[in-house]
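Guided by the hints, dock chain B onto chain A, whose structure is given.
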Amino acid sequence: MRTSRTLGIVMIAPAAIMIFLFYLMPAILTGIFAMTNMSTATGISGGVFQVTQGAVNRLGPDMPELASGIAEPRFVIDEEGLAALEALKLKPGYAAELRGQHIGEVFASRREAERVIKALKDRPSTREVKQISDLFNRSVLNTRFETRDALIGNLEKLGFRLKPEEQDKVARETYTGWVWTTDNFKVIANSPDMAKIFLNTAFYVAVTLMLFNVSYALFLAVTTHYMPPATASIFRAVWLLPRITPVVIYVLMWKWLTWDNGFISMFMGQFGVPPKNYLLDNAYNAWFFVILINGFIGASMGMLVFSSAIKAIPQTHFHASEVDGASRWQQIRYIILPQLRWPILFVTCYQTLSLLASFNEILLSTRGGPGRATEVWSLAAYHTALNNYTGNLEYGLGAALALMLVIIGVILSLIYLRIFRYDTLISKPLIED
Amino acid sequence: MTVLPILKSAALAAVLLTSTAVFASAKDVSISVWSGGSGPNDNYRVDAIEIAADILEREAAIRGEQLNIIVQKTPYSGWEDFKQALTLAAEAKKAPNIVATGHEDIGPWAQAGLIVPAEDYIDLDAWPISDIYPNLMEISSFNGTVYGIPQDAESRPLFFWKPYMKAIGYTDADIEALPAKVEKGEYTLKNVLEDAKKMQDKGLVQAGYGFYPRTNNGPDYWQFYTSFGGVMEEEGKLVFDKAAMKRTYQYFSDLVAAGVTKKNHIGMPGDQWWKEVATGKAGIWHGGTWHYARLVNQEGLKDFFDNVQFTLIPAGEGGKANTLTHPLTYLLMAGHDQETTQIAANLVTIASEPRINALHAIKSAHLGISASETKVDLYASNRWASEATERLLPHANAMPNNADFGKYWTIMWKNMEATWTGAKSVDAAVNDAEAELKSTLGGAIVIR
Numbered sequence: 021m022r023t024s025r026t027l028g029i030v031m032i033a034p035a036a037i038m039i040f041l042f043y044l045m046p047a048i049l050t051g052i053f054a055m056t057n058m059s060t061a062t063g064i065s066g067g068v069f070q071v072t073q074g075a076v077n078r079l080g081p082d083m084p085e086l087a088s089g090i091a092e093p094r095f096v097i098d099e100e101g102l103a104a105l106e107a108l109k110l111k112p113g114y115a116a117e118l119r120g121q122h123i124g125e126v127f128a129s130r131r132e133a134e135r136v137i138k139a140l141k142d143r144p145s146t147r148e149v150k151q152i153s154d155l156f157n158r159s160v161l162n163t164r165f166e167t168r169d170a171l172i173g174n175l176e177k178l179g180f181r182l183k184p185e186e187q188d189k190v191a192r193e194t195y196t197g198w199v200w201t202t203d204n205f206k207v208i209a210n211s212p213d214m215a216k217i218f219l220n221t222a223f224y225v226a227v228t229l230m231l232f233n234v235s236y237a238l239f240l241a242v243t244t245h246y247m248p249p250a251t252a253s254i255f256r257a258v259w260l261l262p263r264i265t266p267v268v269i270y271v272l273m274w275k276w277l278t279w280d281n282g283f284i285s286m287f288m289g290q291f292g293v294p295p296k297n298y299l300l301d302n303a304y305n306a307w308f309f310v311i312l313i314n315g316f317i318g319a320s321m322g323m324l325v326f327s328s329a330i331k332a333i334p335q336t337h338f339h340a341s342e343v344d345g346a347s348r349w350q351q352i353r354y355i356i357l358p359q360l361r362w363p364i365l366f367v368t369c370y371q372t373l374s375l376l377a378s379f380n381e382i383l384l385s386t387r388g389g390p391g392r393a394t395e396v397w398s399l400a401a402y403h404t405a406l407n408n409y410t411g412n413l414e415y416g417l418g419a420a421l422a423l424m425l426v427i428i429g430v431i432l433s434l435i436y437l438r439i440f441r442y443d444t445l446i447s448k449p450l451i452e453d
Numbered sequence: 086m087t088v089l090p091i092l093k094s095a096a097l098a099a100v101l102l103t104s105t106a107v108f109a110s111a112k113d114v115s116i117s118v119w120s121g122g123s124g125p126n127d128n129y130r131v132d133a134i135e136i137a138a139d140i141l142e143r144e145a146a147i148r149g150e151q152l153n154i155i156v157q158k159t160p161y162s163g164w165e166d167f168k169q170a171l172t173l174a175a176e177a178k179k180a181p182n183i184v185a186t187g188h189e190d191i192g193p194w195a196q197a198g199l200i201v202p203a204e205d206y207i208d209l210d211a212w213p214i215s216d217i218y219p220n221l222m223e224i225s226s227f228n229g230t231v232y233g234i235p236q237d238a239e240s241r242p243l244f245f246w247k248p249y250m251k252a253i254g255y256t257d258a259d260i261e262a263l264p265a266k267v268e269k270g271e272y273t274l275k276n277v278l279e280d281a282k283k284m285q286d287k288g289l290v291q292a293g294y295g296f297y298p299r300t301n302n303g304p305d306y307w308q309f310y311t312s313f314g315g316v317m318e319e320e321g322k323l324v325f326d327k328a329a330m331k332r333t334y335q336y337f338s339d340l341v342a343a344g345v346t347k348k349n350h351i352g353m354p355g356d357q358w359w360k361e362v363a364t365g366k367a368g369i370w371h372g373g374t375w376h377y378a379r380l381v382n383q384e385g386l387k388d389f390f391d392n393v394q395f396t397l398i399p400a401g402e403g404g405k406a407n408t409l410t411h412p413l414t415y416l417l418m419a420g421h422d423q424e425t426t427q428i429a430a431n432l433v434t435i436a437s438e439p440r441i442n443a444l445h446a447i448k449s450a451h452l453g454i455s456a457s458e459t460k461v462d463l464y465a466s467n468r469w470a471s472e473a474t475e476r477l478l479p480h481a482n483a484m485p486n487n488a489d490f491g492k493y494w495t496i497m498w499k500n501m502e503a504t505w506t507g508a509k510s511v512d513a514a515v516n517d518a519e520a521e522l523k524s525t526l527g528g529a530i531v532i533r
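Protein sequences appear in the order of chains A and B. The numbering used here applies: residue 21 is where the first sequence begins, and numbers increase by one. The numbering used here applies: residue 86 is where the second sequence begins, and numbers increase by one.
Since the hints were derived computationally from the structure, they do not count as laboratory data. Small disclaimer: the values here were computed from a predicted structure and weren't measured. Honestly, I wouldn't trust all of these hints.
SDA-like, lysine to any residue: derived pairs with alpha carbons at most 20 angstroms apart [stated by the list, open to error]:
#, chain 1, residue 1, chain 2, residue 2
1, B, K283, B, S226
2, B, K523, A, R78
3, A, K150, B, K282
4, A, K150, B, S524
5, B, K523, A, F205
6, A, K331, A, G315
7, B, K282, A, S65
8, A, K275, B, G355
9, B, K179, A, G67
10, B, K523, A, P294
11, A, K150, B, A419
12, B, K523, A, P212
13, B, K322, B, S524
14, A, K183, A, G89
15, A, K189, B, A529
16, A, K150, B, D210
17, B, K448, B, T474
18, B, K179, A, S65
If we strip away everything but chain A, and leave its shape as in the complex, we get (with noise of 0.2 angstroms):
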């Protein structure tokens, strides 16, 4: 007994560690960064200390006297500077020719203060004359610290003696690198973008699964279970293309269909009516093409499974009801329908959950335009966290959209077991009680 359960963990372990890494993992990880402000300008890895112009501005109304302290740069030649010019071993000269001539001088910006190191005799290398001029740095402008410590232990040799929480606030203002926050959901929360983008995946969602992806998949499934298998053959197999076209190619020939030198404008253009963008003329337009470049696609699925489910209702049925004289809509409405009633629930819930997650098709056709009119949560948070024309990618934020897709998947997913009563569904049938 031992052993065999000892087995059966070895058995599932690969597995096991492939469900945490590939769908487990990203979950977390979506909720990790969704916690946080990571952008393009924070970056991913973490940050580091800099007192930049904008950090000065920030500590000026709380410690204005630090702030005045080192609001400018300001380079020295001191003994304690070539001390450590010596120490690095580089030419001797540089130390001898600067302490001979220049001790003491004090610059007004790094600029100033390597012209001078560079019009040493021994020429530096321009990497020699910023390790010189490092040194010579007395005070903490623009300089990066890689750590808190760095920045604080500089400040203090400046004669700036912090508190603790003063010191905290400094770091704070000071960090380059992305924090925990809460932020994203607020923005979320207020943004009235979000709300339409809510909307639109709402709508997107509800009419592509109605119209398509259940009843148009089911009106297949039922018309060509009456139909002779070879028909019937044919028609499944014209449904299936859009599935198994590549996407790319299956929306660029929809793009064909609709520009403005597309063929509905060519076919238009006979009866005089001006080339127009059909796929972007208006929001209408786009919603139109939109639903329908997915439906066609989501409906094969919905065909298939609800073609098998019907196949496997026993024939017994179709015969009994037939020789009761039931006619077609009555063995549709009273044996097939009753009996979808799983299938119809795991096409409802997979397709709504697919449909809130997949953006390509979308992403493909109009871009979420015109004007973002076509733009749902999950393309949202593509572009706010990957794609967009000015680069500044928002992976805090767009993980937040995509954990609050998770959650709202996750929520639909319940409500919708209790619609369709799973529980009776997985119940054991009391005739074999």
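Relative to the frame of chain A, chain B by itself:
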């Protein structure tokens, strides 16, 4: 510029010395260079690095060193995918050595440590860098440090299709005088709308083709904000001028309402736009100096100067005529050893020499980066480069290098697009923009 403890510096110096010793023998170096927004005319953004590599190899050979540089070139035609690829590659420590990108990326990338300061590797006081226009060097700096070396300059004019201007009553002399009138503020954005309307009413262009703007987001739209008196940044702080932004949104909304610009213009296929502009389907449009290259080289508009007049972007209410320069800069990416980055920096320096940079400037119809470049024969004898430099560049603004500017831009644009397409009223869009700017940027932006 990171402050290293002395011990660390000493160790680093020792490593450097030893590596220089190794360097004296044969050395293969692979330098990768990426560029964004680079179409068929912009190949010298990456090719210039290859030319520079050849020169650097020869210089090394004369010094008795054998240096073999392999340049890997990756030009991207667009911006979105380029910035995505580059940012993620850099975060994964797989960044290229050199990248040519818009100067506005310097802020966020420098803050995140994705790029290293160019001034750490390049002597700014030495030729050819010392010769580059100071305002371009200024645009390539962030937090008082020079991060990039300007790769090109440009400016963004308003174009008029001359035959249609004549058809609505302008004489040749009027058209000739138009640039001066625009500069003085006598011909304004209001006149643009009126003239576009006249062209349509006369049946010269189809509805929606009177004023035919850029088809997607771009720095261009900040020019209109400037025309209406807006300011992007003041003393290191971003500025959202509510009234100016409202006038800007209102203007595009008015263009659509008057029927001279299409409501669904944004997002139309780019190729179609180019073809239509080159063949005189549009009356008035705006673009950049580099449009000249595409119109003449790719779109077959041979008699450009007979057909097209160009001016600054005219003034609107509360502002003045202006244009925008959006220089690309060569940046050195972090994550490489110092030796390789030094070679990359040397390549950038050589590529910035006037004759090499002029290849890009003239082929792509951008503007030069230094005064001496304008004296290179190729540049000096080019009518477009000399006229555009003289007429536009003195009035050029640039977008600010501010780590938060990208956020501002995204919010500004999406609300502009919403008013343009009629999804939001102008008031709602301005208020939404204000609310979102307040919640995302807080104290980093001045709202007035």
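Hint by hint, here is what the structure shows:
no., hint, verdict
1, B:K283 / B:S226, "45 angstroms, violated"
2, B:K523 / A:R78, "16 angstroms, holds"
3, A:K150 / B:K282, "60 angstroms, violated"
4, A:K150 / B:S524, "40 angstroms, violated"
5, B:K523 / A:F205, "15 angstroms, holds"
6, A:K331 / A:G315, "24 angstroms, violated"
7, B:K282 / A:S65, "54 angstroms, violated"
8, A:K275 / B:G355, "14 angstroms, holds"
9, B:K179 / A:G67, "18 angstroms, holds"
10, B:K523 / A:P294, "44 angstroms, violated"
11, A:K150 / B:A419, "17 angstroms, holds"
12, B:K523 / A:P212, "13 angstroms, holds"
13, B:K322 / B:S524, "16 angstroms, holds"
14, A:K183 / A:G89, "17 angstroms, holds"
15, A:K189 / B:A529, "17 angstroms, holds"
16, A:K150 / B:D210, "14 angstroms, holds"
17, B:K448 / B:T474, "15 angstroms, holds"
18, B:K179 / A:S65, "14 angstroms, holds"
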